[in-house]
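Given chain W, work out where chain H should sit, using these hints.
Protein chains in written order, with the numbering used here: chain W, 21 to 376; chain H, 373 to 543.
Check the hints yourself; a few may be wrong.
Straight-line alpha carbon distances no greater than 20 angstroms define the calculated SDA-like cross-link-like pairs of lysine to any residue that follow [stated by the list, open to error]:
(1) W/Lys150 to H/Lys393
(2) H/Lys391 to H/Val453
(3) W/Lys352 to W/His331
(4) H/Lys391 to W/Ser120
(5) W/Lys125 to W/Asp97
(6) W/Lys369 to W/Arg286
(7) W/Lys133 to H/Leu387
(8) W/Lys134 to H/Leu387
(9) W/Lys150 to H/Leu525
(10) H/Lys393 to W/Thr122
(11) W/Lys151 to H/Asn450
(12) H/Lys393 to H/Gln380
(13) W/Lys133 to H/Ala533
(14) W/Lys150 to H/Asn450
(15) H/Lys391 to W/Val130
(16) W/Lys134 to H/Phe389
(17) W/Lys358 to W/Gly309
(18) W/Lys344 to W/Val316
(19) H/Lys391 to W/Asn129
(20) W/Lys151 to W/Asn104
(21) H/Lys393 to H/Phe442
(22) W/Lys369 to W/Tyr292
(23) W/Lys94 to W/Pro173
(24) H/Lys391 to W/Asp127
(25) H/Lys449 to W/Glu115
(26) H/Lys391 to W/Glu126
(27) W/Lys133 to H/Thr390
(28) W/Lys133 to H/Glu378
(29) W/Lys133 to W/Asn172
Calculated directly from the structure, the hints in this document are not laboratory data.
These numbers come from a predicted model, not from an experiment.
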Amino acid sequence: MANLSLQHIDKIYDNNVQAVFDFNLEVQDGEFIVLVGPSGCGKSTTLRMVAGLEDISKGRLLLDGKDITQMPPKDRDMAMVFQNYALYGHMTIYENMAFSLTLRKEDPNVIHKKVLAAAEILGLTPQLNKKPGQLSGGQRQRVAMGRSIVRNPKVFLFDEPLSNLDAKLRSSTRREVLLLHKRLNATMLYVTHDQTEALTLADRIVCMSMGRVQQVGTPLELYDTPANLFVASFIGLPPMNFFDVHVDSDALVHPAFRLPIDGQMRQTLEHYFGKQITLGVRPENISEGGDIPIDVSANENLGMNTLVHGHIGQGADAVKVSAKLRGWCDYKAGDAVKVKFDRLHFFNKETTNAIR
Amino acid sequence: MANSGEEQAIRRDRLRFTKNKSAANCAILAIVFDVLYFISIYKSDAGSWYYSLLIGMSVVYNLIFMLVAFLVSEGSKNYLVQYSYVIAVVGILQFVRIGILPARAHAAVLETAEGMVPVMGDAQFARVAFYLAASGICCLASAFLGVTKCRQLAEAEKAAAMTVSNSEITS
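Same shape as in the complex, but just chain H:
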C-alpha cells in the first residue's frame, strides 16, 4: 500500500514537468470528429434544402468550434483550468447540435421526380449524430482530464513547496 501510495505521489509529481497531453489530444480528437461530421453533412445532394441561413450558421459555428477547440488544446496542455470549462460548454453544445441541423434534415422530405425523398436518410443521420456525439464526448473528456489534472498539479506543487520549505528549515 505504501508503495502504491508512493507511486501515486510520483505520478502526481510528474505533472509538474510534463504537459497535459491527454486533455489536449482529446480536444484535437473532438476537432477530427467535427470535421468528419461536416464533411458528411455538406456532401449531401438534396436539392436546395440546405441553402438556408441555418447552414450558413452551421458553417460559421464549425469554424468557431475548431478554433476554440484548438485553443483549448493548447491551454489544457499547459494546465490552464479555465480552458477546460470552455471545452465543457462546447462539448454540451455538440450534443445540442444533433437536434438542430441533422434532426431537421432527417425529418424533412424533398419532392423529386421519383417522389418524396428524405433529405437525410437514417444511415446518414446515425453517422452524423455519432460524429457529433463523439466530438462532444471528446470535449467533455478533455474538460474532465483538464480539471482533474489541474487539481492534481496544484496538490503536487503544494507538496513540492512544502518539501522545499522543510528542507530550508532543516538546513
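In isolation and in its complexed conformation, chain W is listed as follows:
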C-alpha cells in the first residue's frame, strides 16, 4: 500500500522566487504518475519535495495517511533514480546495488538474495562483477533502478532517468521501466520533459507550466481533450497548429479559409458568436483533399507519413502549419497542397482555456 497525497503544496525559495504554486495530487497505490512540462516548470522541484530533498514551504504531504511533510528523506521509504545515475565508480554493480542495504546493516545473505533478484529482473546478472564505467548508459540506468528495487520502497521517484541516453537506448529503457512497473506494481512518480515518455508510461499525466498544474489526466485525455492552449501545444508531436478565427453565425472565418459550423460545433460555440477564438488542429488531423491551401516550405518523409511544413494565408495573416499526411509525398518548396481539417479544438482567446 502506498497512497501519496500532495495537498496545496507551494515551494518558495529564500530569494522569494516561487517555483511551485498550490500543487494538489492524489496518487493511488500502484499508480504510475508522470510529471511533464518544459524546463523550469517546477516538476523536478515537486519530485524533490516528495523525496524530502527540498523543504515544502506550504502544504502537506501524506503517505498512506501519515503526514511526512517534515520527515527526513531517509525515513520516507522512497527511492529515487537520478538522471546522472549517481553510481559509485569504484564499486562493482553488485556492491552498488547492495550499498543502501549494507548501510542499514541488513543480513548479508538477505542483501545477496535481494540483489540477485533485482539483477534478474533487470537483466543485469552477467554484469554484477563489473564496474559502472564498463557499462553502457542504459545498463547504468538499470543499475540505478536496481539499487532502488532492492530497497523495496513504498514509492519510486524517477527524475528524468532517460535524459542521458541516446534515442535507441531511451526507447528500450523506457520499455523496461514500463515492464518494471507492471512487475512490481509499485507507486511511481516520474519526471520528464519528454512527452513521448509521458504518453507511453503514465497511468496519469500531470502537465505543468510555470510552477502550476495545467491538467491532470490520462494520456488520452491530455491528447484528446487538452484543458488549455499550453497543454494542447505541449502534448503531441509535431505540436498542434493554431489559428485565430472569427466565429460567424454559420462559419469559422480565417482570411485563408472558412469552415462551416455544423450542429455539434454550433452547440459548443454558442457563447462565442461574433467573437474571436483560437482554433487548434493537430498535424495528424490534416489530410489531403480539401480546399484549404498550404504553401509548402519543406517536406519530410517519415516512411508511413509525410510531414509537410508550410503556411496558410498570405502576408500578415500567414500562419505556420505542420501537416502529417498519410503515405509518401514528394512536395517541393513552393508547391500548394489543398487540405482539410478532420478534427478541431477550440480555445478561448483571452483565458486560453478549452471551449467544450
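Relative to the frame of chain W, chain H by itself:
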C-alpha cells in the same frame, strides 16, 4: 538444518560477487607486523655489531617481503589461488627468520666500558620474535583463507553454472 544448509549455500554464492577481503587483510597485517619488527630491531644502538652483510640482507629481504605480501593481498582479493601458496612459503620463512638475525643478536655480547653487554636483551628478543611470529601467522592465515575461499568459490561457480544450464533446459 535445511535453513542452515541454504544459508551456507548463499554465503558461498556471495563469494562470486565479493572480494576475498579477509585473506587480503591478513596479508596487509603481516606487512604491519614485519614493519614493527624491523623498526624494533634497527633502532638498536649496539656499537658496530649490526654493521654486517647479514643486516644488509635483512633490509633487502624486508623490502622484498613487503612487496610480495602486498602483491599477494591484491591477488588473494581476486581469488587467485597461486598467490596463497606464495604467502604460505613467505609465512614459514618469517618463522625461520627468528632463528637468524634476532637469535644471533640475542646470543651475541658486546664489550663496552661497563663490561659485556648483550646486543639484544631478552625483552627486545621476545618483542621481535613476537612480531615475526605474528607476521608469519598472518601470512599463513592469509594463505589458508585464500585457498579455502578459492575452493568455495569454485564450488559456487559450479553450482551457478548448473543452475543456469538447468534453467536453459527448462526453458
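Verification of the hints:
Distance check on the hinted pair: lysine 150 of chain W and lysine 393 of chain H sit about 17 angstroms apart at the alpha-carbon level, within 20 angstroms; holds. Taken as a hint, the lysine 391 of chain H and valine 453 of chain H pair is honoured in the structure, with Cα atoms around 13 angstroms apart against an allowance of 20 angstroms. Under the criterion of a C-alpha separation no larger than 20 angstroms, the hint pairing lysine 352 of chain W with histidine 331 of chain W is consistent with the structure, at around 14 angstroms. The hinted pair formed by lysine 391 of chain H and serine 120 of chain W meets the criterion: a straight-line CA distance of about 18 angstroms does not exceed 20 angstroms.
A hinted pair counts as satisfied when its Cα atoms are at most 20 angstroms apart, and lysine 125 of chain W with aspartate 97 of chain W qualifies at roughly 16 angstroms. Taken as a hint, the lysine 369 of chain W and arginine 286 of chain W pair is honoured in the structure, with Cα atoms around 18 angstroms apart against an allowance of 20 angstroms. At most 20 angstroms may separate the alpha-carbon atoms for a hinted pair to count; lysine 133 of chain W and leucine 387 of chain H meet this at roughly 13 angstroms. Taking the CA atoms of lysine 134 of chain W and leucine 387 of chain H, the gap is near 15 angstroms; set against the 20 angstroms cutoff, the hint holds.
As the CA atoms of lysine 150 of chain W and leucine 525 of chain H are separated by approximately 17 angstroms, the hinted pair is consistent with the 20 angstroms bound. With a C-alpha separation of about 16 angstroms, the suggested pairing of lysine 393 of chain H with threonine 122 of chain W holds against the 20 angstroms cut-off. The suggested pairing of lysine 151 of chain W with asparagine 450 of chain H holds, with an alpha-carbon distance near 14 angstroms, which does not exceed 20 angstroms. Between lysine 393 of chain H and glutamine 380 of chain H, the direct Cα distance comes to roughly 18 angstroms. Compliance with the 20 angstroms bound is thereby established for this hinted pair.
The suggested pairing of lysine 133 of chain W with alanine 533 of chain H holds, with an alpha-carbon distance near 17 angstroms, which does not exceed 20 angstroms. Using a Cα cut-off of 20 angstroms, the hinted pair lysine 150 of chain W and asparagine 450 of chain H holds, with the two alpha carbons roughly 13 angstroms apart. In summary, the hint linking lysine 391 of chain H to valine 130 of chain W is supported, as the alpha carbons are separated by about 18 angstroms, within the 20 angstroms threshold. Distance check on the hinted pair: lysine 134 of chain W and phenylalanine 389 of chain H sit about 13 angstroms apart at the alpha-carbon level, within 20 angstroms; holds.
A C-alpha spacing of about 6 angstroms is found between lysine 358 of chain W and glycine 309 of chain W, which places the hinted pair at or below 20 angstroms, so the restraint holds. Pair hint lysine 344 of chain W plus valine 316 of chain W holds up; C-alpha atoms about 13 angstroms apart against a cutoff of 20 angstroms. Straight-line distance between C-alpha atoms of lysine 391 of chain H and asparagine 129 of chain W comes to about 15 angstroms, which keeps the hinted pair within the 20 angstroms bound. Restraint check for lysine 151 of chain W and asparagine 104 of chain W: satisfied, since their Cα atoms lie roughly 16 angstroms apart, inside the 20 angstroms limit.
Restraint check for lysine 393 of chain H and phenylalanine 442 of chain H: the C-alpha separation of about 13 angstroms stays at or below 20 angstroms, so the hint holds. For the given pair, lysine 369 of chain W sits about 10 angstroms from tyrosine 292 of chain W by alpha-carbon distance, which is consistent with the 20 angstroms threshold. Distance restraint check for lysine 94 of chain W and proline 173 of chain W: the Cα-Cα separation of roughly 11 angstroms lies within the 20 angstroms cut-off, and the hinted pair is therefore satisfied. For the proposed pair lysine 391 of chain H and aspartate 127 of chain W, the alpha carbon gap of about 17 angstroms is at most 20 angstroms, so the pair holds.
Between lysine 449 of chain H and glutamate 115 of chain W the alpha-carbon distance is near 15 angstroms, which keeps this suggested pair within the 20 angstroms criterion. For the hint pairing lysine 391 of chain H with glutamate 126 of chain W, the CA-to-CA distance comes to about 19 angstroms; that is within 20 angstroms, so the pair holds. Only pairs whose Cα atoms come within 20 angstroms are accepted, and lysine 133 of chain W paired with threonine 390 of chain H is accepted, the gap being roughly 14 angstroms. At roughly 11 angstroms between alpha-carbon atoms, lysine 133 of chain W and glutamate 378 of chain H fall within 20 angstroms of each other, so this suggested pair holds.
Between lysine 133 of chain W and asparagine 172 of chain W, the direct Cα distance comes to roughly 13 angstroms. Compliance with the 20 angstroms bound is thereby established for this hinted pair.
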